[in-house]
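Peer 1: Sequence:
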Amino acid sequence: CGEVRSEGRIKYELDEFDKENMKHGLQRALRILIAAGAVEVGGPMSHEELWSLYSTAHQMGSCRIGMTEKEGAVDENGQSWEAEGLFVCDASLLPTAIGVNPMIT
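Under the numbering used here, residues 1 to 105 are what the sequence shown spells out, in order.
It should be emphasised that the hints constitute simulated quantities derived from the structure, not laboratory data.
Keep in mind that the hints are not guaranteed to be accurate.
Quick list of simulated restraints, FRET-style, between CB atoms [what the hints assert, rightly or not]:
hint, residue 1, residue 2, range
1, V41, M67, 41 to 51 angstroms
2, A36, S62, 27 to 37 angstroms
3, C89, G25, 21 to 31 angstroms
4, T96, D75, 16 to 26 angstroms
Yeah, the Cβ is synthetic: ideal placement off N, Cα and C, and Gly gets one too.
Construct the entire structure; sequences and hints are all you get.
Peer 2: Put into structure tokens, the structure is as follows:
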């Protein structure tokens, strides 16, 4: 359910199915925390505030591209120097953070 606009912005919104799955997962995680002895697992928030919290840190650069095995974990095509036929196809290839969510890059 994404959208690419001409000015180069990407708009991604969760559909209702995904939202329900996330709510279910959050409820289970809270139950696990409470069962493990957590005293406080969050406070009351509005619906809008809750959805704005669904964000993550995207790790980049853990499998950098390099022209040689010493310079990176994979070649310019994303293929591992150590395991023939193994390709890395995510933000791990990027040398540094790109400043936007890399999910759709």
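Peer 1: Could you run down the list of hints and mark each one as holding or not?
Peer 2: Now for the hints, and whether the structure bears them out:
no., hint, result
1, V41 / M67: 41 to 51 angstroms, "holds, 48 angstroms"
2, A36 / S62: 27 to 37 angstroms, "holds, 29 angstroms"
3, C89 / G25: 21 to 31 angstroms, "holds, 25 angstroms"
4, T96 / D75: 16 to 26 angstroms, "holds, 19 angstroms"
Checked against the numbered hints listed earlier, the structure breaks none of them; every hint is satisfied.
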